[in-house]
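Protein sequences appear in the order of chains A and B. For the first sequence, the residue numbers in our numbering are 1 to 417. For the second sequence, the residue numbers in our numbering are 1001 to 1227.
Please keep in mind that the hints were generated in silico from the structure rather than gathered at the bench. One thing to keep in mind: the hints can contain errors.
[Stated by the list, open to error] Cross-link-like lysine to any residue pairs, in silico, SDA-like; alpha carbons within 20 Å at most: (1) B:1118 x A:6; (2) B:1143 x A:10; (3) B:1146 x A:121; (4) A:227 x A:121; (5) A:16 x B:1184; (6) B:1194 x B:1184; (7) B:1146 x A:310; (8) B:1143 x A:14.
[Unchecked claim] Simulated DEER-style distance windows between Cβ atoms: (9) A:385 x B:1020: 53 to 63 Å; (10) A:288 x B:1020: 52 to 62 Å; (11) B:1118 x A:409: 25 to 35 Å; (12) B:1015 x A:285: 53 to 63 Å; (13) B:1118 x A:16: 31 to 41 Å; (14) A:285 x B:1078: 45 to 55 Å.
Every value quoted in this text rests on a predicted model; they were computed, and no experiment measured them. Where is the CB? At the ideal position from N, CA and C, for every residue including glycine.
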Amino acid sequence: MRPNIRIALTHLKAKKRQTIVAMLGVTFGIAIFIFQAGLMSGFQSTFINQTVNTTANIRLYNEAEKDRPSIAGQVDSLRNNLIAVRNQKPKEELPRIKNGLQIIESLEHHPEVVGVSPFLGSQSIFKMGIATVAGRVSGVNIEKENLLFDLAKNTRQGDIFDLQTIPNGIILGEGLADLLGAHLHDNINVISPKGVELEMKIVGIHRSGLTEADKSRAYINIRNAQKLLQVDGAYITDINIKLRDINKAEILAKEFSLKYKYTAQDWKNANANIFGIFKIQNMITYLIIASILIVSGFGIFNILMMIIYEKMQDIAILKAIGYRDRDIRVIFLTESLIIGFVGGLLGLLLGFTMQTIVGNIRMDVKGFVSMEYLKFNQSPAFYAFAFIFGLIVTAISGYIPARKASQVDPIEIIRGK
Amino acid sequence: MTMGAILETKSLNKFFRDPVEFQALKNINISVERGEFVSIIGSSGSGKSTLLYILSTLDTDYAGSLFLESDDLSKKTKNELASIRNEMIGFVFQFHYLLPEFTVLENVMLPALKLGKKHEEEIESDAMQKLELLDMKSQALKKANKLSGGQQQRAAIARALINDPKIVFGDEPTGNLDSKNSQNVLEIFKELKKNLLQTILVVTHDMNFANNTDRIIRLHDGEVVQH
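Isolated chain B (complex conformation) (with noise of 0.2 Å):
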């Protein structure tokens, strides 16, 4: 195990089974450092969402060992990984996933009301920090689906940090977005790495993203060619 890493990966294979049997990913062997922030790339095809989704643990079904924090998460049950999603990783999806009839600000308490270690009133003050941080506050109150595709990006990457996450994962974040918000959100990862020191891990198609983080991770054909 790498000093220092958060994340690690050791020998991950994946089949699909449906409809023929194929080989997803074929001996990942990846470490991301804390502090690091790393962008997956590679064709359509190349395995690189399907690796996002076993990292961030919302796939169980794949051979070899995960560690987040030198805890073996391949051996966890489906709630105990629900907790440490819960707990430890932010997500930003490339659709922005609010639920469409809270306000903005309830979007970004959510995941700290589930997590519960904290008063109703202090979750709220710390999602309006958040919003904040991100120039949103003036939009805290307005319903999730008043809002602009640029504005919905940057609510979901508030409720991304709202528990203080080990790790933050962005599944295409930009991807959706005109250049001129993908830069934005760009803009956003950049300073939440500088400042916040948090760790990011953004699977992309987008190599202006990619050439802008600290390390690109290519996938081929679900083998690592470059990390």
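This is chain A alone, in the form it adopts within the complex (with noise of 0.2 Å):
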């Protein structure tokens, strides 16, 4: 073994109790952030699956133009006028999808497109005794819908392919049911702003793991959802679209906004607030991280600077008989690394058993979404991550007190006795 190596082991041997606290720093360090980044990237994921699932890859929809020029500002083509025109009006106008149907054709025969399912869309209040709660229908084709959103997955109660069966059928969502105190088969009255009223039999509950979705959404067929807003066979208000590639979304919903001349919103834009609280969750989590990491960087620069004081002797003598500036670096820097890394690997092992244990407790959340278990992303990126990081800080930590005792002056400690 290389001399400069054997004195590191043997003065961290020396010194074992001091060496195994400043291990554990690193070892608790490394392990807490295995487990919070671990933690945090898989509600995330979890979370963005449910979200993707029950959001359509594309929605072409027929958005209200907000900054309508006014006619006299369109005529007024050299722009050398100031034009105030207030209290326009804007045409009254149903926010449908005009030829929808052929729409949904032509989309059908796109390469990339796996399925296309109208939609119709409307508030309503639903009714059953003396509870009113107030929510969304969504008129579907459910097995249109189910080839997008796979809701028979999710379906706790009934079956929800009896919606094209039975005529005036409708799945609720499971925090809408419990809201309404409504069962399997019950009847429910659904009311739309237009007024109309219809009664229907409760063929499905499902739970999408959204928990504001599943409070407020309830599943209908198109024809009734027609028939609640008063309109003809033909209106729908959005056409959702499953793509064979989900990371293509934003280039192709360009293409068929300018293809149909309709808004289409693809899913990462859709659910771009999300994504932001995301990326600031995941700065919180990575400041408290590397702070922990520095907390136990200051262990081991502690520890250091404590065995370095007491060889100051043995820096002497090793400069004495030929060891350079260089060897008693290498010589405490090794210390450092070798507490960083023994200390990260226990911290690995650590992590991965806190995330086991903690991930084998039935934890039942219901927030934002719910979750039976915690779900724990344990890509070896995060591991390798948190071990080199770790490594990072305890190189850097040991280098200080290593270039302080390489610079130590034999001549003053022989002197000096």
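Make the complex out of the two chains shown on their own, each in a separate frame, by following the hints.
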């Protein structure tokens, strides 16, 4: 074994207790790093999965124009006059997609598209006895909708495909059913903004995992939705599209928007606010983790400084017998890296154990999303990153004492005795 | 340059600037012959230890020239000097300065491990041989901090000899030993000179020790007054 490494190991062995304390500092730092980052990322991917599963890859709809140029402005092509038109009243229009059925047919032939589902949504009131809840009905073709959102998988009770056979069937979100106190096969009343009231039979209870959505959403046949809104049989407001590759959503949204002259929103855009929150959340998490590791870095720094003060004589003698400044630096840097390496490995193990234990405790979280068990992202990249980051912190906190040790003047020690 | 001189100084001057400027060594011109056993004596503050640190390359802050085997050491870098100390110079200090957590054997091996010219097994057998020479073989596997003062000093001498140095420097090597152990160390040095033709330069204030060396260099107020 190289003498420098041998000296480093002997120093650490001679100071067992301090060495273990310093290692534990790194161990806990890394373990918390892995636990926290895995939890955060696991939660986020669960949430994203559930959200993406309930958001269309691309949604085509008729957006109200916000910035409508006045006719006078359009006429004044030279743009050298100030024109003010107040209280411009937009034309009374329904947010319908004209030629919706033709667009659907055309989309179904697109090679990147796997599924297309027409949609007609409306605010409505759900009533059962004295219970009254405001929510949204989604008028869908259940077979096509299922192709897009895998509704059957998340059905808790009943059979969603009864929507096709039972003329006034309705599928309620789990939370909504709870609020109404309604059970499978009960009859409830649905009232539209137009004042149309339909009595409907519950054929299924559905749970998407997104708490808010489950408390307010119900699915009905698109025909019934058209009845509630008193519109014709070709009337739809949205076309939801499922793609072969969801990462092409942004590009294809642009293509569809230009082709069909309606607004096309991809799933990333639709959930932009969530991704924004995650960014901040990640930043906070990593800041906390970094500060924990910096604290363990200080622990290493302290212990090495202590060793160095006690080993001044050793350093002087090593220099006298021909060890270079660099050798002394290597000795003490090796000590800190051994602490970091062993502490880091233990940290990976502890972090993994903590994740496994906590991941097996039934939590039944009902917040933003509902899940039975906490999900951890145990990707090797996290482990590698935590380990490397830990080594960098220990290297930095070891380098400063090591440099100080290498600058010890042996004469001062030998003469000073 | 004197023929056969292993160590030589030319107009060596040393100043301390802190706290006030003070000339510690004044125009030192000395030489040590191959195989000579020389002592430097002087009252405390005469500059004898300062001179030793310069001669042994630990102190590089001086004016003038220092030659080891005709090689001008005053122009070497710190790293070159470290290699020279490792390969050509042995040290014996007043306080024994063994690394306390290592065994006696490991302490003796350390300079040779640094030099790295031999395999570890070879170094180990060399170290055992040196320890045997100093009658320390039975202590080889003990931790250095478990030895008595006299034993530690003998282990330190073995360490000084491990790379077969051109010259061994002693900085008050008997300063911390009782008279019996002091006599012992003196006898060891005399034998090293006689049997191995080892060149030895020792700073001491022990007159009995000095009188047993080949030659005495006496310093007074930073000047050589006898050599």
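Hint check results:
About 17 Å separates the Cα atoms of residue 1118 of chain B and residue 6 of chain A, which keeps this hinted pair within 20 Å; it holds. With a C-alpha separation of about 12 Å, the suggested pair residue 1143 of chain B and residue 10 of chain A falls inside the 20 Å cut-off, and the hint holds. The suggested pairing of residue 1146 of chain B with residue 121 of chain A is violated, with an alpha-carbon distance near 88 Å, which exceeds 20 Å. At most 20 Å may separate the alpha-carbon atoms for a hinted pair to count; residue 227 of chain A and residue 121 of chain A meet this at roughly 12 Å.
A C-alpha spacing of about 38 Å is found between residue 16 of chain A and residue 1184 of chain B, which places the hinted pair above 20 Å, so the restraint is violated. Between the alpha carbons of residue 1194 of chain B and residue 1184 of chain B the distance comes to roughly 15 Å, so the proposed pair stays at or under 20 Å and holds. Taken as a hint, the residue 1146 of chain B and residue 310 of chain A pair is honoured in the structure, with Cα atoms around 18 Å apart against an allowance of 20 Å. In summary, the hint linking residue 1143 of chain B to residue 14 of chain A is supported, as the alpha carbons are separated by about 12 Å, within the 20 Å threshold.
Restraint check, residue 385 of chain A to residue 1020 of chain B: a C-beta distance of roughly 57 Å satisfies the suggested window 53 to 63 Å. As the Cβ distance of residue 288 of chain A to residue 1020 of chain B is approximately 55 Å, the hint placing it in 52 to 62 Å holds. Roughly 30 Å separates the CB atoms of residue 1118 of chain B and residue 409 of chain A, a value that falls within the hinted 25 to 35 Å. The hinted range of 53 to 63 Å is satisfied by residue 1015 of chain B and residue 285 of chain A, whose Cβ atoms lie roughly 59 Å apart.
At about 32 Å, the CB distance of residue 1118 of chain B to residue 16 of chain A agrees with the hint of 31 to 41 Å. Separation of residue 285 of chain A from residue 1078 of chain B is about 47 Å and conforms to the stated range, judged on CB atoms against 45 to 55 Å.
In this structure, the hints that do not hold are numbers 3 and 5, in rising order.
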